[in-house]
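What follows is each chain in one-letter form.
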Amino acid sequence: MRIEKAIVTAAGPNQGRLPLQRFVDSDGIEKPALRVIVEEVFSAPIQELVIVVQPGSVREFSDAVGREFLSRIVFIEQTNPKGYTDALLRAESVVGASRFLHLVGDHLYISGDSGRSCVQQLIEAATAEDCAVSAVQATSERLLSHYGVVGGQRVSGSRLVDIERVIEKPTPTVAEQELLVPGVRTGKYLCFFGMHVLPPSVFTISRELIERNGGNHSTLSQVLNELAVRERYLGIELVGTRYDLGIPYGTLTTQLALALAGVDRESVLSQIVELLATHRPSRDAVTRSD
Amino acid sequence: MKPNLIEAITSSDPRLRDQALERLCESANSADLVAVCRELDAFRRTATNLYERVRALFFLAAIHRYHLPAKLPGRLGGLVSHAGYQHLIERRFDEAIDEFRRDFESQGPTDAVSSALAAAYYELAFTTLAGQVRRCVRSVKGNQWMFRTGHALDHPLRFRKELLTRNAETGQYPVLCERTPVRMDLSHSAWSDIFFLGMDYPEGAQVLNVSIDLGVYQRDANPRPPVEVYLRVIDEPVLRLASVDMKARADVETVGGVFDFAGDYLGLVKAGVIAAGIIPPGLEGADQRLSEVFSVLLGPGLGLEVVTKVNDIPKGSRLAVSTNLLAGIIAACMRATGQVSTLEGSLAERDRRLVAARAVLGEWQGGSGGGWQDSGGVWPGIKLITGERAVQGDSEFGVSRGRLLPQHRLYGFDEINEQTRRKLCDSLVLVHGGMAQDVGPILRMVTEKYLLRGERETVARQEAISLLKSIEAALVRGDVRELASATTRNFRGPIQSIIPWASNFYTETLIERAQREFGENFWGFLMLGGMSGGGMGFLFDPRVKTQAQGYMQTLMRDVKRELQEGFPFAMEPVVYDFSINDQGTTAVVLTGADVLLPAEYYALVIPDLVRQSSRDLTPLQRIELQRVSQETIQGGRLAQASDLLLSSLLPTMARANGSSATLPALLKDNGFDSELHEQIRGDLKSGRIGLAQNRLAVSTELQDVLPGDVWHADRDVTDAMRSAGQAAIARGEVGVFTLAAGAGSRWTRGAGVVKALHRFHRFAGRYRSFLEVHLAKTRRRAREFQGTIPHIVATSYLTDGPIRRALDQLATSSTSGPILTSPGQSVGLRLIPMVRDLRFAWEETAHQVLDEQAEKVRTSLHAALIAWAESAGCGNDYTENLPGQCLHPVGHWFEIPSLLRNGVLHRLLQEQPQLKHLMLHNIDTLGADLDPGLLGLHLQSGDCLTFEVIGRRIDDRGGGLARVDGRVRMIEGLAMPREEDEFKLTYYNTLTTWINIDRLLAVFGLDRTSLADSGVVSAAVRRFSQRLPTYITIKDVKRRWGHGQEDILPVSQFEKLWGDMTAVPEVDCRFVVVPRCRGQQLKEQAQLDGWLRDGTADWIESLGDWKA
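In order, the protein sequence lines correspond to chains W and S. The working numbering applies: residue 1 is where the first sequence begins, and numbers increase by one. The working numbering applies: residue 1 is where the second sequence begins, and numbers increase by one.
Among the clues, some could well be false.
Straight-line alpha carbon distances no greater than 30 Å define the calculated DSSO-like cross-link-like pairs of lysine-lysine that follow [to be verified]:
no., chain 1, residue 1, chain 2, residue 2
1, W, 82, S, 685
2, S, 1083, S, 1107
3, S, 1035, S, 856
4, S, 161, S, 141
5, S, 1038, W, 188
6, S, 247, S, 1035
7, S, 560, S, 1038
8, S, 1035, W, 188
9, S, 71, S, 2
10, S, 545, S, 560
11, S, 161, W, 169
12, S, 141, W, 169
13, S, 71, S, 1083
14, S, 685, S, 668
15, S, 1107, S, 560
These are computed hints drawn from the structure, not numbers from a lab. None of these values were measured; they are calculated from a predicted model.
Can you make the complete structure from the sequences, with help from the hints?
Below, the structure written as structure tokens:
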């Protein structure tokens, strides 16, 4: 089944105006993050995109997207928001009963595969495997508190993982017990990339969990954990990197990554060298090296 | 016949595998055993299976310790290489073994080298086992990440938001309060909860364990979970720790400070914080401030406070209070950081297992070591804890047969009903007997015996396992009387079959009197934990329980009073109220007006807060002070604690009957020489005397003695000598002089009790003290040879009263001759040690290196003790203890001068003028008796002194017999020019000396007549004493405080030693080599098991007349 619909959630209370943050992309063109995301979505043969936004922000977001794609985009305002899965449920009527692509509005991606974007790689895998697939990225355990994390068995000879468990923001204690995946380096776990191909059953599961939880919405990880129990559900390590705008220095890192992967690489590198040469930390400053 | 020990180790057939070593070695001769040792040593080097390797090591240790020496008669000689010894104490066991094996091959099998090999194999076996447990703890999933978090910025934990949100009204952060019960074991199936056992024999590792709440009888209204942990966020980036029971608190600002376990009394709290991952072990050594860690974990500018309280439950309760406190701290910290699923209420099973695994890690971090069942308080109710087979995928698989962590099966109320549980509570009187002994040596003995598969041990272990089934069945049937019978059979049977030292005279007295008082209504005894004397249970008919509680309280107090002079009691005995806890560890978040910590906490912190200027307080501290004020003065929830808070703020009057009042009197009464004291202080401070100055000049020529320098009891004693000796005894020419003035500090680790009166072992069916053993030997010789043998006991300020009282009870039954005491005439006052002496003792003298973690703890402790010495004033008088603990005996040389000065010898010689000789011996040389052959040898020589020596084993440190600049003499270990010199010496001093009284008096310039003139005697003694060296020593002294808490502090004292008499030119000395069993000294309780197993105990029993 072809994947023709997509949902981008950009209404999270923590996301704020991050999707509107402007970046110079790898082509040297300044544009909002949302525009970069939309270009990523339409790099694949997606026919229709739903963007879920905070109430009253449709105009700003549609300006950010630009006219070129507007005809294929539907904005839905998440009035009276009840969480992440609530945002997805708002888009259910548009995507209907088919599998759909889902991206979050505060991550940007740089593909390491010169021929294919990250979305293209994901859709290709989902089409080939004919099941739900979430992109994942090996991430240091110190960042576990930011992501949903998957555990399971590696599918032999591929970049795929047969997902058995999904836990939202686990502690390393839990991750070590539940979420070790063969082939992933010590101290790293497969965290969500912010990009999924999901079946319509996630909507059913979401509603069931709401009922089970007395009206409270679940996290997407809880929904996907249930999905892993019910259907074949894979993870894939794409050739590419996810940049989370929402973590400390996330926008700075993202901008540097875009610049170093693009036409302005030399110029940016020379500016960095100049910065390094000019600014030294004061003697008393604590160096928070990573 | 050469036994096939490798088959016994590797066979999968239990009939071959479970054969006892003693049976296998029975028919082997020394050549067979030497060959077997070669095979086993080669095997253990290549064996890949950990437990096969360890079993081979224990076999080797046992053969070298027990079996081979017994088959080497006449092979006393042999020298242990110093290089090997150096490897041994620095824990390079493999290298030590290689070195000792070279000695073994080049010298042939000898007692000395076998003792060294036994020690090295034994330590390597335990190190291998401990290493495996540690590796398992690290590799348990859920623990591993903590070891790779090496920088604050890598810290992956975050505090839960609920605990980071301040209350809008009060401004305070919420407090997470964890309450944890302790655990009581109804049966541990013969210590099967030791990790090593559970991991090798999971099928046999079974424990019936009950979580209980406690209250002190007649003090607390109701039992409650004794462990309370309070955790909250504070507005300073420090780790604030407080233990209200220890009255200790600290603000830790650096990562290094958290890993400093011995610098204060908060080591266990720190270990909990580390094991919970708040400060992960991977950060150890990171030169970082906690503000950096907390900035990631909590947010900038914030810190953490952990407060603990164990409701004044004393140490040694055998209820695993420490481990459950650790588990409570860990549970609270793991809840706060989301590592366990629930913030409040009880824990889920997987979370309990996680907390238990972290508690094991915490105990390792803190350098302590609990059992496998000890965190049982985390679980609710009654449970069966069993070992589990390791399976594919486990980190233990392929290494050990069992997993590190056991399985817990909770009994439902349908299995053990409510009525039975109530009946158990109504029947069992739970007590703390007041003794707080180190159970560590017992756990080592159990492990070794298990791996050697001793016949007695194997049968006992199986019996213990079947008794657990009986106890379980009794619980299921609701038959508590049968349960009591089974726990008693357990104590009487398997427990004491494996470890006779699990019981003691105190416990037996309590059982006997309780039985006598209550008859049929006394149902039985329950030993808790590793040994009795501390936490114990007495089961009664529920109808008499209230009466029994009162009775036990009085009984324990009375028996303690009777025995305390010879038993190391740490505290007054306590009776508990208890109830079964059906929730396990639980937590609640206190918010808003409920944010209150225990009153004792405020009593601890408020004095400091009110002393500070308001400007220096943080906003939260100001809020807290206001809250405490409201809750106290305005009739709030702390109103009842207002006295406590007030007394913490106001100065208290020093008690007039404190130590300072009686110390001067004691000094005056015991011949304290203040002039000499000031001279020693001056010399010590100026550096003229000290540990380094004890040594003879390095130019001293020191060699081992030559064959003709010593006599041998086994070949040089003739029948004629024996006859002469017998005749001398019959004529009343010989007396015994037992040195019992010392405190036996190694025996009870400085507890200051009278070792001579410690009834440590059953001889002829009754517990007897050291003193009784010596009197029994004298009695036997007197009866055997129909002579009158005076027995003099040298006493001191510490031992005189108790020994006199004990002798008053014994004297009526004595028929051997007069029993006298010779009170000491000299005493010293301990001094705060000089830092240079402490450094010399700890840094420049070879000492046993501990395992990695324990060594870190010790290093930190040494730093703290050096700081204590500096702050207390090096060279000042040590007075901050009980008066008796501030004084010190001045060395055994003074015992003979005291005998001259106190008039006892003079009176005795008048009453028994035929008395010509004394056998002087130390209280712990149990085998010394009036052997007529040795006496005959002494008589024939006509020498002034005949010293008994034994062939040296590796543990015999502290000097020996040597040629010093050509003279054959004893040399003290303190005086060795170089440490390694001691390893040149074949013979070790037993101190047992046959003394020709008249010749000794002549040496002092005295005779029988002049003994009557005390002035002449004193002058003679003073004159002679100046010819002997004065040694400075560092001794550990115990200071008790709180509820069974103890500090061990180093103090300086001086002494003159008897062996130096051999250096005086006009004293004729002879040296005779005696069998080890005769000369062996019992210095530490850990020696008892070997002493029993090698047959010495039975031999000593054969020397005594026990009928009195």
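Results of checking the hints against the structure:
With a C-alpha separation of about 77 Å, the suggested pairing of residue 82 of chain W with residue 685 of chain S is violated against the 30 Å cut-off. Restraint check for residue 1083 of chain S and residue 1107 of chain S: the C-alpha separation of about 27 Å stays at or below 30 Å, so the hint holds. Proposed proximity of residue 1035 of chain S and residue 856 of chain S is supported: the alpha carbons are some 22 Å apart, at most 30 Å. For the suggested pair residue 161 of chain S and residue 141 of chain S, the alpha carbons sit about 26 Å apart, so the restraint of at most 30 Å is met.
A hinted pair counts as satisfied when its Cα atoms are at most 30 Å apart, and residue 1038 of chain S with residue 188 of chain W does not qualify at roughly 50 Å. Proposed proximity of residue 247 of chain S and residue 1035 of chain S is supported: the alpha carbons are some 27 Å apart, at most 30 Å. Between residue 560 of chain S and residue 1038 of chain S the CA atoms are separated by roughly 19 Å; this keeps the pair inside 30 Å, and the hint holds. A C-alpha spacing of about 53 Å is found between residue 1035 of chain S and residue 188 of chain W, which places the hinted pair above 30 Å, so the restraint is violated.
Between the alpha carbons of residue 71 of chain S and residue 2 of chain S the distance comes to roughly 14 Å, so the proposed pair stays at or under 30 Å and holds. A threshold of 30 Å between alpha carbons decides the hint, and for residue 545 of chain S with residue 560 of chain S the separation of about 22 Å falls inside it, so the pair holds. The straight-line distance between the Cα atoms of residue 161 of chain S and residue 169 of chain W is roughly 14 Å, inside the 30 Å bound, and the hint therefore holds. Distance restraint check for residue 141 of chain S and residue 169 of chain W: the Cα-Cα separation of roughly 18 Å lies within the 30 Å cut-off, and the hinted pair is therefore satisfied.
Of the pairs offered as hints, the one joining residue 71 of chain S and residue 1083 of chain S holds, with about 26 Å between alpha carbons and a cut-off of 30 Å not exceeded. Taken as a hint, the residue 685 of chain S and residue 668 of chain S pair is honoured in the structure, with Cα atoms around 24 Å apart against an allowance of 30 Å. This hinted pair checks out: residue 1107 of chain S and residue 560 of chain S have alpha carbons roughly 26 Å apart, not beyond 30 Å.
In terms of the numbered hints stated before, the structure departs from hints 1, 5 and 8, listed from lowest to highest.
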